[in-house]
Amino acid sequence: MDIYHSTYTQYIDLMNQLKGNVEDLISQSFDERQKADGVVAIMEQIDNTIDTASEETFLPTNELLGITKELFNLKKRMGVKTPAAQVMLKQCFRTLNMAAVSLQRITDDCALMEANELSEQEM
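Mapped onto the numbering used here, the consecutive letters of the sequence shown carry residue numbers 12 to 134.
Just so you know, these hints were derived from the structure itself, not from any lab. From a predicted model like this one, the values you see are computed outputs, not experimental measurements.
Simulated pairs of lysine-lysine, DSS-like, Cα-Cα distance not exceeding 25 Å:
# : residue 1 : residue 2
1 : Lys-92    : Lys-80
2 : Lys-101   : Lys-87
3 : Lys-86    : Lys-101
4 : Lys-92    : Lys-30
5 : Lys-30    : Lys-86
6 : Lys-80    : Lys-30
Could you put the whole structure together from the sequences, leaning on the hints where they help?
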């Protein structure tokens with residue numbers, strides 16, 4: 012298996028894990044109005060990056076940065092967080108960091124470095 016295919020496969024697995032983590036976070040921490048006010052956007056971004064990685068044509072580094080920033084903004088909007096939500100947020104950022112580290116095997120662009128730094132800072 013070549014390095015590109017294995018990296019894309021690992022990235023997709025991590026994004027699917029992130030999707031589950033975000034779903035858990037949302038169900039624990041948000042009411043229906045808050046879910047409608049932008050939480051859906053992060054789930055769509057995750058789906059889009061999975062599609063991009065599945066095609067194995069383009070690197071999803073800008074998408075990863077967008078998801079990382081969106082999760083960071085989501086964290087700020089949450090305000091007071093329960094201990095369970097704090098744990099889930101850390102897990103989400105840890106998963107994003109693992110995805111960034113995975114992509115570093117095949118690229119080292121600015122968007123990836125920024126996503127890596129931001130996720131590392133929030134884990």
